[in-house]
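Visitor: Build the full structure now, drawing on both the sequences and the hints.
These protein sequence lines map, in sequence, to chains A and B. Numbering of the first sequence is given in my numbering, commencing with residue 1 and proceeding in unit increments. Numbering of the second sequence is given in my numbering, commencing with residue 1 and proceeding in unit increments.
Worth flagging that the hints you see were computed from the coordinates, not collected in a lab. Any given hint could be a false lead.
[Stated by the list, open to error] In silico lysine-lysine, DSS-like type, Cα no more than 30 Å apart, as pairs:
1. Lys1009(B) / Lys201(A)
2. Lys179(B) / Lys553(B)
3. Lys176(A) / Lys791(B)
4. Lys121(A) / Lys937(B)
5. Lys508(B) / Lys253(A)
6. Lys215(A) / Lys998(B)
7. Lys937(B) / Lys206(A)
8. Lys176(A) / Lys998(B)
9. Lys1057(B) / Lys252(A)
10. Lys1047(B) / Lys1057(B)
11. Lys236(A) / Lys1009(B)
12. Lys223(A) / Lys791(B)
13. Lys55(A) / Lys176(A)
14. Lys791(B) / Lys201(A)
15. Lys998(B) / Lys207(A)
16. Lys1009(B) / Lys190(A)
[Unchecked claim] Covered by chain A, according to a simulated footprint, are these stretches of chain B (three or more residues, beta-carbon under 8 Å):
17. 81-95
18. 604-618
19. 892-904
20. 1007-1016
From the three backbone atoms N, C-alpha and C, an ideal C-beta is built for every residue, glycine too.
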Amino acid sequence: MGNFFPRWTNWLPLKLAIAVVFIAFGVSVGVAYYFTPKYTRVGYEPTQPVPFSHKIHAGQLGLDCRYCHSFVENSSHSNVPTNQTCFNCHGPGKGNIRSNSPKLAMVVKANETGSSIPWVKVHKAPDYVYFNHSAHLNRGISCVSCHGKINEMEVVRHDQPQSMGWCLDCHRNPEKNLRPLEFVTNLNYKAGDLTRADFYKGLLDKKIPAGEIAKTIGGEGSKADNLDQLLALAEKTYGKQVTQTEVGTQIKKHWQIQPPENCTACHR
Amino acid sequence: MKRIWKHPEEPQNAKRYWRSVAELDRREDFLKNLGREFPEGDTLTEDERENSRREFLKIMGASVGMMGLASCRRPLTNILPYTQHVEWMVPGKSLLYATTMPRSSGATPLVVTTHEGRPTHVSGNPLHPLGGGIDTFAQASVLDLYDPERSQKPLGAGKELSWAKANELIAAAVAQAKKSSGGSLGIVAGATTSPTYLRLLGELKTAYPQVKLFQYEAVGGEGQTAANKEVFGAGVKPFVKLGSAMRILSLDCDFLGVDPVAGEPISAFTKHRAKEAKTADMNRLYVLENRYTLTGGMADHRKPIPASLIPVAAALIASELGDASAKALADTAPAGLKEWIAPAVRDLIDNKGKAVVLAGSRYGAEVHALVASINNALGAFGSTIELLQGTQAPEMGGFAELHAAVSGGQIKTLVSLTPSSLYHDAPDAQAFAKLITEKGVKLIHVGMLKNKTARHAALHIPAAHYLESWGDASAADGTYSIVQPMIAPLYDGASKIEVLLALLGRKKLGPVEAAAPAAPAAAGAAPAAPAEDAAYTAVRDTFASVAGSLDEKKWNFTLRDGFLKGSSFAKASAAPNVAAVAGIVAKAKPAAAPTDDSLEVVLTVDSSVYDGRYTNNAWLQEAPDPVTKLTWDNAAWIGSVTFRRLGLKDGQHVKISVDGVEIEIPAIEAPGHVSNSITLPLGYGQKGVGVVGSGRGVDAYVLRKQPGMFVLSGAKVEVLPTVAELAITQDQNTTEGRAVFREGTLDTFNKDEHFAQKIGMDGHIPENISFYKGQVGVKSKENPDGFDYAKHHQWGMTIDLSKCIGCTACIVACQSENNIPVVGKDQVRKGRVMQWIRMDRYFAVPKWGKNEVAQESTYAVDNPTPEQLENAEMVHQPMACQQCEAAPCETVCPVNATVHTDDGLNAMAYNRCIGTRYCANNCPYTARRFNWFDYNKRNPLIETKVAGITMNNLYAGPLGEKKEDESLRLQRNPNVTVRMRGVIEKCTYCVQRIESAKILQKQVQRDSKNFRVPTDTIKTACQQSCPADAIVFGDLADKKSAVVKSKASPRDYQVLKYIGTRPRTSYLARLRNPNPKMPGAENIAVWSKNQF
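Guide: Structure below.
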C-alpha cells in the first residue's frame, strides 16, 4: 500500500491546531476591542444641526454647565436647553450678541415656527438602563468623569466608553472620581489645586469628628483632635499636594457614598 | 442523593380552600395542568419540535448573514428640546396633578402622574376628605384616553364629518329649538354630580323654557331616587358613614364592589375589619343576595336568596322592627328566611345607633322606602347615615318620559349626553331606535366610543376624556372637586360641558383655530394669553358661586389640592318622612320565589365593563371578574343545584328565554349562587366598538323591556349542545391546593391571637431549615437575618386578608404602573396572562357537620353536595412575588438574571434573561410570568391573514403586524423597561419608585450622610390603589414604619413558611365576626374542627 499522503501532512493537524489557536485569539482580541463600546462609542462625533461650540461657551466664556443644562441636579435627564435659554444672550432685545449670525439662523427659525432643533444624540444608554444624572451630581461626581472635557470640545465627542463594565469600575472604586460639590461642574478641577486646610475645615464644619477623619487618612491607629494635627497627618500620608485618593476616600467615607452594585440600581 | 421535597400532609378534617369545582372534583383537565407552571399546549410534539428546529436553523442562517449588514450603522437619534420652556416641566421627572374622575356615582378624587405631559397613571387623592384608594374602573380610565379606536371625528349617520359641518348641524338644531323656545329639543343627561353641568342644564332651561330634560343611565337606580325623593325630600342626599356602622345588613347592595353607596370610602369599613388586639372592636356584615358579590365575600353571615325575594326580606326586617305597613309583604316570606333574619335584626337592634341597612341601588322604590323605615327604626339617621342638603338639580324626566316624549312627536332634536349607549342598553333598545328613526328625531350623540348609538346617530360628537377637559363634580359629601385637563384633547373631542355651551351658543366645538403665529420673541415679551376657554370660564363661574367669590388664591389651592376645602353639603334640616313609606310599599306587588320551571334572571353590572361603557378597555377586559375569574366575556352564572339539575358543563351554551326574548350564552357553575336564579352581567355583546370590545360576550340588555327592571321572572332555560371556550383564570397559577389561606373567627382570635401562626406546620418548623441558601442573605451573628439592616433599607410588605375585598384594583394599578401588556383571550386560555399580581379567589365548604367525613377519607370522595356549594364561603388572596430572602428562583437561574439586592429585593434583570423559565418552575408561589410573544409590539387582539389563512397576529411571526400603537405607547411609564419576547418578568415592589425615592433622598441630602428614605414615603402601585388599605409596604429596617407595626400583628403569617423561603411579603390572617345566634354560625371561618 503506497503512501497516499506526503510526509509534510503529518504535521498538518498540529499546524492547523496552532493556526486555529492564533486565529481564535486574534478574533477574540478583535471582538474585545472592536465590538465593545470602547471602540464603537468613543470618538463618535456627529455633526450637530447648529454649530454650537461648547469650547467657546463652557471653555472660553466659562458658562457653568448648569446654565443651560438647568435640571441636571434635579432630574434623571440632563435637559437640552430651550431656545429661550439661547436667546437670553443672543436674543434680539436681550443680550443681542451676534443675533444676526448665520450660525444662529436655525435657532431663530425654530423660535418662529415652534419646532424643535433636532440635536443629534451623542450619549445613548440602552432603553433598559436607567441612568440618573442627579444622583451622581449631588454626590460629588463631576460631568467630566463621564463626558470628558466638554469645555475643550468644539463639537461634542463621545469621550468615555460608558459600558456596563466602565460604570461598575467606578461604582466599585468611586474615590477615583469623587470631589467636593462646588467643583462638580468645574471641568478643569484637579485635586492638587485644592487647599488642604480648606478641605479639612469643610469636613470639620460638617461636624465630622477629627478623629474619624484621621482614621480615614491613616487607618485605625491614627488620631487627631484638631485641624492642624489633621493637616500634619495628611501631609505625612499623601505628601505636600492634595491627591485625588485623599479627597475621594474622605468623601466616600463621610458622605456615606455606597454606589449600588445591584441590578435594580440601573435596570428596572 | 436527590432530595425529593414532600409537602406536609394536610391535617384531616381541615377545611379545604378550592378555586373551582373542577379542582374540587379533581377533574382530569384540572389535574393535567396542576403541577405545570406552564400548561400543556405551550410545548410542541416531537414532530413539531423537529420541524421548528429546522425552521429555526434556516432563519438563523439568514439572520446571521444579514446581521453584519444591519449592525454597521449607529442609528441616529435626536434630542428634541422644547422651544419655549413649559411651566413646571422638568424633562425626566414626573409631574402630579390633582383632579377628579366625574362618574355617574359621584366624584372619584385622583392624583394623576404625568410624564412630559402624558398622563400615565392615576391613583387616589389622599388629601381629599373621601380620597384614598380607587376602584378598578378609575384605575383603568387612563387607558381609555389613549384608546386608538376612540371616536376621533364627528360622524353623521356613520360617515365622517368635518368639525365645521358638525358645528353647522348643531347651530341648525339650536336655531330650530329657538323657534319653539326649546320645545323641539330634548336632552338626555347621565347621572351627574357636576355643579357646572347642572347649572348649564338649568341655564338651558332658562334660555329655552320648553326644553325637555331627561336623565338616563343604563343601570341607574330609578327606584332609589324616587323613594329618596319622597322620604327625604328633594335634593336631600343620604351619606352613609361606613366607619361608624358596626352592624351592616346589605340587601344585595354590593357597596364594596360595583354598586357603591354615597358615603365614606371603603377603607372606613375595612378599618373595623382588622384587629390587632383583643380589646379592639370589629364590625359585622350580614348579606342577602342571589349571587356572590365582593360584599358577599366579606360578609360574616351571608344567605343566598333569590333577588325576587329581596323586597320580602326588606319587609320582613321592617316588620321585625315594628313597621306595620310591611306586614302584608313580610307574610309572603318563604320558610327559613325568618329564622335567618330574626337573630340578625336582634343584633341590629342591640347596636342601635351603630347599625345600618343598605339596599342595592337597582331595587324598586318599595325596597328603598322600607330600608329608610328600617334605618329610621335603628336610629341610623344622624349616626350612621347623615342626610345632606345637596344642590337643587333641574327637574328631569326618566326613560319612560323620554319614550313618551319621542313617541308623542314633540321632540325634533335629541341630544344624548349620557355615557350609556341608548341604542344598546335602553329598555327594548331596538324598538326605541326604530321609534327615533320613525319620528324623524335627529339624535346628537356625544361619547367616547364608536358604539351603536354613535354609528347610527344623525350626528355623533367625539367626547373628550376627563383628563382632557375642564369640569367639576361633587363628592358624596358635597365637597367641590375639580376636573382639570392635563393634556390637550388628543382628537379635539368636546366635553359634555362644552356641548352644553355650544347649545347655549357660547362655544364652537372642535379644534381650536390655529392661533396666529407667535411674533418672534423679539421683545421677549410674554406670549399673548390664549383666548379664554369657555369651559374653563364656566367652571370658574361655578367655583365662584361655591366659594363665595372668585378668589384667585382659593382657586389655585383648589387646583393644587383637587378640591375646595370645607365645601361639603350642609346637613338637611328636615327629618325623614317615614309616613310616606306605607304609601310606597302598598304599591309593591309581592313576588313569588322562582321555581324549577320558572327561573329568575338577575341583570347585574359587570365588574369589567360596568354597564358597557368600558367595553373597549383592554385592562378591564383582561382583569378577571373577582368572583368568576372570567376574562374577556360574560356568562350566565348558575348555582350548583340548578347547574347540576340541568346537567351542564362549564361553558356550555344555554338558551334563556324571558317573555319571548331569547339569548344564547355560555353558562358557568357559580358556587354560592342561589338555585333557580341566573345572573347575567350586562354591557357585553357590543359590535363595532374596536378590537378590544367588539363581539365580546353576549348582550343581556335585550331581555329588559321596562326601565328599572333588573330582576326578571318566568325565565326558561334550554340546554344547548355547544360548549364555549371561555378564558377563566381560576385554575391557573395554582399553588397546587396547598394551604395558603388562613382565617379565623373573632372567637378564635380572642382565645389565642396568634392562632394563624400555629395553623399547619408553622408551630413546629425548626430554625433555619432553609433548603435554598440565599445569595446575599448569609446569616451571621451580627447579621441574624442575613441582611444588613444598618446599611441598607430592607423592603417588606404585608397584605391584610381581613381587609382585602378582592376587587382587582391592584391588578390594574400594577398593569398601568409597570407597562404590563395585555395578552388577549386566546393567550389567557393558555395560562399566559401577564398580570404580576393576581387575585386568588377560593371557595370553601366545611367538611364537618352533617357531612362529616371519616378520618381515612381522601380529597376525592368528600365532595360537598350541591346544596353545600350553594352556601360555600368565598375568600380572596392577592398573590405576587413574595420577594423571598432565600429565593428558589435565584438558585436555578443559569445566567444570574434574577439575583438579590442588598435591600432584600428579588431583582429581575430583563436584559440578562435568556428565558429558560427555570425560575418560574421553581417558584412555589407561581408568581413569575413569561413573555411568550412580543405582546407589546405585536397586537395580540387582531387577526392577520398569511397566505390566505387567517390567524392570530401573534402566530403570524415575522409576517404579522409588528407595530406598537402610537397612542398606547404614550401611556407607558418611562421608568420601567418595556419587556420583549422571551424574558421572565414579575413583581419588583415597584422598584422604580423605590429607586427614585432613594435618589431624591440623595438630592436632598447631598454631602450629608442620611441616605435613609423618610418613613413610609414610598407606596407601591397596588398599595396606592387599594381602596381597602389592605396593603402595607415599607422599610423593615425602619422601626417606625407602618410595615414593621403591621408585621408585629399577631395575625401575621407567611405563605408556605415551611419551605423556608423566608418571604418578605407576609399576610395577616382573615378574621370574621360571626354572630353565635345565627343559623350555621358554628361553621363560619373555622379552619378545622379540632383546630390545633
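Visitor: Can the restraint linking Lys215(A) and Lys998(B) be considered satisfied, given a maximum Cα separation of 30 Å?
Guide: holds, 28 Å
Visitor: Could you grab the alpha-carbon distance between Lys791(B) and Lys201(A) and see if it respects the 30 Å cut-off?
Guide: holds, 27 Å
Visitor: Regarding the pair Lys223(A) and Lys791(B), is the alpha-carbon distance no greater than 30 Å?
Guide: Given that 30 Å is the threshold and the Cα spacing comes to 25 Å, the pair holds.
Visitor: Can you confirm whether the C-alpha distance between Lys998(B) and Lys207(A) stays at or below 30 Å?
Guide: Distance of about 24 Å is within 30 Å: holds.
Visitor: With the threshold set at 30 Å, check whether the alpha-carbon distance from Lys1009(B) to Lys190(A) stays at or below it.
Guide: Given pair Lys1009(B), Lys190(A) holds - Cα atoms ~24 Å apart, limit 30 Å.
Visitor: Please work out if Lys937(B) and Lys206(A) have their alpha carbons no farther apart than 30 Å.
Guide: With Cα atoms ~52 Å apart, Lys937(B) and Lys206(A) exceed 30 Å; violated.
Visitor: Can you confirm whether the C-alpha distance between Lys1009(B) and Lys201(A) stays at or below 30 Å?
Guide: Judged against 30 Å, a Cα distance of about 17 Å means the pair holds.
Visitor: Are Lys508(B) and Lys253(A) close enough, with their CA atoms no more than 30 Å apart?
Guide: violated, 65 Å
Visitor: Is the straight-line distance between the alpha-carbon of Lys55(A) and that of Lys176(A) 30 Å or less?
Guide: Roughly 25 Å separates the two Cα atoms, so the pair holds.
Visitor: Just to make sure I understand the rule, a stretch counts as covered if three or more of its residues have a C-beta closer than 8 Å to a C-beta of the chain. Does the stretch 604-618 of chain B meet that for chain A?
Guide: violated (count 0)
Visitor: Is Lys121(A) within 30 Å of Lys937(B), Cα to Cα?
Guide: holds, 24 Å
Visitor: Please verify whether Lys1057(B) and Lys252(A) have alpha carbons no more than 30 Å apart.
Guide: Given that 30 Å is the threshold and the Cα spacing comes to 40 Å, the pair is violated.
Hint compliance for this structure: hints 2, 5, 7, 9, 18 are not met, and every other hint is.
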